[in-house]
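Start from the sequences, fold in the hints, and give me the full structure.
Just so you know, the sequences run in chain order A and B. When you line the first sequence up against the UniProt record's numbering, it's residues 1 to 511, in that order. When you line the second sequence up against the UniProt record's numbering, it's residues 1 to 600, in that order.
Among these hints, one or two may not hold up.
Said to hold, decoys possible - From the structure, some residues in chain B lie toward chain A, with a derived Cβ separation under 10 Å:
1. Glu95
2. Phe98
3. Arg117
4. Gln123
5. Tyr173
6. Ala184
7. Leu185
8. His201
9. Met205
10. Lys210
11. Glu394
12. Phe425
13. Leu433
Honestly, the hints are just simulated from the structure, not real lab data. By construction, the Cβ of each residue, glycine as well, lies at the ideal position given by its N, Cα and C atoms.
This is what each chain is made of:
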Amino acid sequence: LPGGWRGPGKLSQKADEYLREIKEQSMLGEAVKQCVEAAGHEYDSNTQKSLLRVRYSKYLLKLIWAQWLVFNQRCSVAASFGKCFLTDFSPDVFVSTCRELRVLNAVRESGVGLPLTHTQFKQMTLQVLIDRLVYRQFYPLAIEICRYLKIPDYQGVSRVLKHWASCKVQQKDLSDTAIAQVICVKVGDSPGVSYSHIAAKAYECGRTELAIKLLDFEPRSGEQVPLLLKMKRSQLALSKAVESGDTDLVYTVVSYLKNEMNRGDFFMTLRNQPVALSLYRQVRIFIIFITTLCLWDYLCFSDTCSVFGSCVASSRLDSRLSVLQSAVDEYNKAKNEFAAKATEDEMRLLRFQRKLDDEKGAGLLGLSLQATMEALLSLGLHKQAEQLYRDFRVPDKRYWWLKLKALAEKEEWEELEKFSKSKKSPIGYLAFVEVCMKHNNKFEAKKYVSKVTPEQKVKAHLAVGDQEGAADVAIERRNDAEIGAVLSKCPASNHLLIDRLNRARAAATKK
Amino acid sequence: MAAHLSYGRVNLNILREAARRELREFLDKCAGSKAIVWDEYLTGPFGLIAQYSLLKEHEVEKMFTLKSGRLPSADVKNIIFFVRPRLELMDIIAENVFSEDKLHSSRDFHILFVPRRSMLCEQRLKEQGVLGSFINIDEYILDLIPYDGDLLSMEYESAFRECYLENDQTSLYHTAKGLMTLQALYGTIPQIYGKGECARHVANMMLRMKREFAGSQNQILPVFDTLLLLDRNVDLLTPLATQLTYEGLIDEIYGINNGYVKLPPEKFAQKKQGESSKDLPTEPKKLQLNSAEELYAEIRDKNFNAVGAALSKKAKIISAAFEERHNAKTVGEIKQFVSQLPHMQAARSSLANHTSIAELIKDITTSESFFDNLTVEQEFMTGVDTDKVNTYIEDSIAQKDPLIKILRLVCMQSVCNNGLKQKVFDYYRREILQTYGYEHLLTLNNLEKAGLLKPQTNSRNNYPTIRKTLKLWMEDANEQNPNDISYVYSGYAPLSIRLTQVLARPGWRSIEEVLKMLPGPHFEERQQLPAGLHKKRQQGENRTTLVFFLGGVTYAEIAALRFLSQMEDSGMEYIIATTKLINGTSWIKSLMDRPESQTP
Numbered sequence: 001l002p003g004g005w006r007g008p009g010k011l012s013q014k015a016d017e018y019l020r021e022i023k024e025q026s027m028l029g030e031a032v033k034q035c036v037e038a039a040g041h042e043y044d045s046n047t048q049k050s051l052l053r054v055r056y057s058k059y060l061l062k063l064i065w066a067q068w069l070v071f072n073q074r075c076s077v078a079a080s081f082g083k084c085f086l087t088d089f090s091p092d093v094f095v096s097t098c099r100e101l102r103v104l105n106a107v108r109e110s111g112v113g114l115p116l117t118h119t120q121f122k123q124m125t126l127q128v129l130i131d132r133l134v135y136r137q138f139y140p141l142a143i144e145i146c147r148y149l150k151i152p153d154y155q156g157v158s159r160v161l162k163h164w165a166s167c168k169v170q171q172k173d174l175s176d177t178a179i180a181q182v183i184c185v186k187v188g189d190s191p192g193v194s195y196s197h198i199a200a201k202a203y204e205c206g207r208t209e210l211a212i213k214l215l216d217f218e219p220r221s222g223e224q225v226p227l228l229l230k231m232k233r234s235q236l237a238l239s240k241a242v243e244s245g246d247t248d249l250v251y252t253v254v255s256y257l258k259n260e261m262n263r264g265d266f267f268m269t270l271r272n273q274p275v276a277l278s279l280y281r282q283v284r285i286f287i288i289f290i291t292t293l294c295l296w297d298y299l300c301f302s303d304t305c306s307v308f309g310s311c312v313a314s315s316r317l318d319s320r321l322s323v324l325q326s327a328v329d330e331y332n333k334a335k336n337e338f339a340a341k342a343t344e345d346e347m348r349l350l351r352f353q354r355k356l357d358d359e360k361g362a363g364l365l366g367l368s369l370q371a372t373m374e375a376l377l378s379l380g381l382h383k384q385a386e387q388l389y390r391d392f393r394v395p396d397k398r399y400w401w402l403k404l405k406a407l408a409e410k411e412e413w414e415e416l417e418k419f420s421k422s423k424k425s426p427i428g429y430l431a432f433v434e435v436c437m438k439h440n441n442k443f444e445a446k447k448y449v450s451k452v453t454p455e456q457k458v459k460a461h462l463a464v465g466d467q468e469g470a471a472d473v474a475i476e477r478r479n480d481a482e483i484g485a486v487l488s489k490c491p492a493s494n495h496l497l498i499d500r501l502n503r504a505r506a507a508a509t510k511k
Numbered sequence: 001m002a003a004h005l006s007y008g009r010v011n012l013n014i015l016r017e018a019a020r021r022e023l024r025e026f027l028d029k030c031a032g033s034k035a036i037v038w039d040e041y042l043t044g045p046f047g048l049i050a051q052y053s054l055l056k057e058h059e060v061e062k063m064f065t066l067k068s069g070r071l072p073s074a075d076v077k078n079i080i081f082f083v084r085p086r087l088e089l090m091d092i093i094a095e096n097v098f099s100e101d102k103l104h105s106s107r108d109f110h111i112l113f114v115p116r117r118s119m120l121c122e123q124r125l126k127e128q129g130v131l132g133s134f135i136n137i138d139e140y141i142l143d144l145i146p147y148d149g150d151l152l153s154m155e156y157e158s159a160f161r162e163c164y165l166e167n168d169q170t171s172l173y174h175t176a177k178g179l180m181t182l183q184a185l186y187g188t189i190p191q192i193y194g195k196g197e198c199a200r201h202v203a204n205m206m207l208r209m210k211r212e213f214a215g216s217q218n219q220i221l222p223v224f225d226t227l228l229l230l231d232r233n234v235d236l237l238t239p240l241a242t243q244l245t246y247e248g249l250i251d252e253i254y255g256i257n258n259g260y261v262k263l264p265p266e267k268f269a270q271k272k273q274g275e276s277s278k279d280l281p282t283e284p285k286k287l288q289l290n291s292a293e294e295l296y297a298e299i300r301d302k303n304f305n306a307v308g309a310a311l312s313k314k315a316k317i318i319s320a321a322f323e324e325r326h327n328a329k330t331v332g333e334i335k336q337f338v339s340q341l342p343h344m345q346a347a348r349s350s351l352a353n354h355t356s357i358a359e360l361i362k363d364i365t366t367s368e369s370f371f372d373n374l375t376v377e378q379e380f381m382t383g384v385d386t387d388k389v390n391t392y393i394e395d396s397i398a399q400k401d402p403l404i405k406i407l408r409l410v411c412m413q414s415v416c417n418n419g420l421k422q423k424v425f426d427y428y429r430r431e432i433l434q435t436y437g438y439e440h441l442l443t444l445n446n447l448e449k450a451g452l453l454k455p456q457t458n459s460r461n462n463y464p465t466i467r468k469t470l471k472l473w474m475e476d477a478n479e480q481n482p483n484d485i486s487y488v489y490s491g492y493a494p495l496s497i498r499l500t501q502v503l504a505r506p507g508w509r510s511i512e513e514v515l516k517m518l519p520g521p522h523f524e525e526r527q528q529l530p531a532g533l534h535k536k537r538q539q540g541e542n543r544t545t546l547v548f549f550l551g552g553v554t555y556a557e558i559a560a561l562r563f564l565s566q567m568e569d570s571g572m573e574y575i576i577a578t579t580k581l582i583n584g585t586s587w588i589k590s591l592m593d594r595p596e597s598q599t600p
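Encoded structure:
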């Protein structure tokens, strides 16, 4: 068949006829196929070309076009083009042969020197060919081939890049920075290239610094951290783990560090990483609770409060006091005056409670100051309550409320009246009215109504159920809202009052 | 069963189905009959994903609660522990396994960690010598749980505390992972905005995770146009305020947990044939609240003052519908009427329920103490006397009102005054310690650390500027027919939602100054979409924003966002995601140390 056609562009009449004959015998397809296969086995590129050209011999112009396409790497165009004049021959074979031939020709070049036959190539597979190229460090060629043959990145370019980078890191003549730079530029974000893998190689070659630089490019912290630990860059590993936000990874590093480092270094390392420190602390708290071990090494670096909290709850009074004392010291050191003072107060209160518990069996221990005073008042220990009130500088208002409620609770009405007169009530007298009413003592409640400030008087009258009185005050004050309030409480049967209020209201609004 | 999830702008049922599929796959890994031992905390969130029937289909025959000691006997082949990765739970599991081995030896053990397995926990199991007893140790990645048609929650209660107090960013890691899962199902979100430290951290992790997956391009057409990440600590004020929407008030008063609320039973007693008082139910009435219930979807986001009118309107419609039966003359008409009956009856019972709930709430909202409390809140929010000791707070302490109520108010005053004057600050703290006990020093410390209750530093109070620029306070908010989000708090427009609103229009550049006053950085990131996935928007088509509240969101804020979605000219629809649904009480509680020991 090739005989019919020699030399580009010189299709003889005879050959054409020859071809037609073949085609008529439906053998053209087979003939073409053979030619294509033969081309595959041919070493000389010119012969390959002529064999391949057979396909197109039918139409000269198209042929030239096709040749141009084929040798300008645009095989797919050529293939689709080929379809139009040879229907029963699959262009795929042709295209793939063309591509493979280009590859084979490339590796047969003297610079590479892999004189493979097509059969050999088919047997060894492309993967192996690329591997061989990689081992012989023909990286650019290998990458070109991968791209040309459109091998998926994971099996192709990325694999080559990985090998390349692993090899690059062994070049002793280049500086760490230079290598890292070059690798970063070349590899970029190629999928499937693991920087940690490259870094591990660098580390194997004794280039730790380079490895660290490379790890910086690794997006997966899960890969970064173990290697950093292996390289004994624990600080860095820790900060990378923290950066990743993956708590589990942080734990991994922390527990590794704990086994590897001495105590002091360990704490120092953690100190620089607040996140890790607090995670460790949480675990420690848990472990402390379980084993009740080494509270002290915990206190050494905690910010104290949480630990003390747990102690306050759990231990006996003496130990509680001593823990509180050390809390005071810690708070003072931390210049937290308020907390120090509050803690001292608590200690004072605890001692006071113990004393009274011992003397009177009052059962006060552990109560808040307010609850303690409440308990004292209900036990009738007014003097002691008074003492606390003064010692702890309890605000008057709160103390008055407390005493008011306590006395009402015990129905000590006389005492209450005395108390109300002891000085001007800081909480006003409406409170007295309301508390008495709460205990259903209208008689006592009424005593205080007159003392209530004008603003609250309506409320006070209403509280004791005295609508008339409330109405008087409201009308006198010409306050629309108050008149409304009285009206809403007024029983519907009391027409007289309602009328009066309505009139007053109308008058008030007129003004 | 979960149809209400698919009605929204974004079909969240896809997410739920993905979660269910994974659960089935795990269950099928353990062949044969099974018993599940539950970490109690997980049952609520799981209920949103799968009912018992699903488990039953996969041969789950028994369910237990995880507790120490011996496992209850059950004739099953597999024992599966569903647990969070927590050390204390590992010890309980170890105990369970030990006491088990002596009795039977034929049962297989498995662990399913939710949402992620942890090296530390496995280590712990190893130390306890039981790690080898487990055939499967797996993780069930349950980060974002579809909660309603437009709402996702991680149901991660301690997220705020962990982030701001304990410096533990695990929850943020889970958030980022959850958002990656979401993007795998709903497409890459092209634009990310954020405000706050945690937001920044989550965005960083997301971008990093995306790099890890480099090479595998997501080919799904993006459903969300924008992601907005908001730190809770950017807006500390909103959760402290009492929510005034219907749903918000239910949550404030009774607490909604995993979509359920427990109510006092008295109002719900079925009054049948006149006999009543004999057997009133004593068990609390448990109701599920979500948009599957038509009436609830209609009224949940209304200001409570508008709920009564809505309910009576509904009552009229329903009774009119029942009256229709008199008009039904022909057989065909009667048939049609009957076919509507079930729907009508459901509507009627739903109406009865919500009327009862509204009555319960009304009893409280009309009380004097509720009114006084609200007045003080509103004074603070409008900036009245925030620099002095407040008499109402003082009195409430003297009355020993619940500590959380006090803390909410004090924190609110502090936030609205950008920190309290040292004297006021110390006074409140002393009052609290003396009244409620010294142990609350820890809680006060926590609140200070979280920035909720702090002394004023030299810088001037910038809250008034923020309030004015963002129009946080609107006089005469219209509660019945709202025209602004401020209706959800009867005047106060939640800061977080204002930020969201401004972002949509005219953009954050217009409030640069205010953003600088709020804590944490604000940022914008873009994620490249593969070519061909750029959405061609049709005329008038709304954009969709996913707003993620890191550290919790309140129902009132959600209501405000829904209101914005429904506004005709907003051009934006919102889907809401959060670590947990919170209210002021549950939030403060999560920041307290040993809240269980507080005086009632």
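Go through the hint on lysine 210 of chain B and say holds or violated, using the shortest Cβ distance to chain A against 10 Å. 9 Å, holds
Can the hint on glutamate 95 of chain B be confirmed by a CB-to-CB distance to chain A that is less than 10 Å? 13 Å, violated
Holds or violated: methionine 205 of chain B as interface residue toward chain A, Cβ cutoff 10 Å? 5 Å, holds
Given histidine 201 of chain B was flagged as interface, is its beta-carbon under 10 Å from a beta-carbon of chain A? For histidine 201 of chain B, the interface hint holds, since the closest Cβ of chain A sits about 7 Å away, which is under 10 Å.
Hint arginine 117 of chain B vs chain A: min CB-CB distance below 10 Å? 8 Å, holds
Identify whether the interface hint at phenylalanine 98 of chain B stands, where standing means a beta carbon of chain A within less than 10 Å of its own. Cβ of phenylalanine 98 of chain B sits 16 Å from chain A, so the hint is violated.
Should the interface hint for leucine 433 of chain B be scored as holding, given a Cβ-Cβ cut-off of 10 Å against chain A? 5 Å, holds
Minimum Cβ distance from tyrosine 173 of chain B to chain A below 10 Å? For tyrosine 173 of chain B, the interface hint holds, since the closest Cβ of chain A sits about 4 Å away, which is under 10 Å.
Given phenylalanine 425 of chain B as an interface hint, is the shortest Cβ-Cβ distance to chain A below 10 Å? Since chain A brings a Cβ to about 8 Å from phenylalanine 425 of chain B, closer than 10 Å, the hint holds.
Hey, does the leucine 185 of chain B contact hint survive, CB to chain A under 10 Å? 22 Å, violated
Once the shortest beta carbon distance from glutamine 123 of chain B to chain A is found, is it less than 10 Å? 7 Å, holds
Should the hint that glutamate 394 of chain B touches chain A count as held when the rule is a Cβ pair under 10 Å? 6 Å, holds
Checked against the numbered hints given earlier, this structure breaks hints 1, 2, 6, 7; the rest are met.
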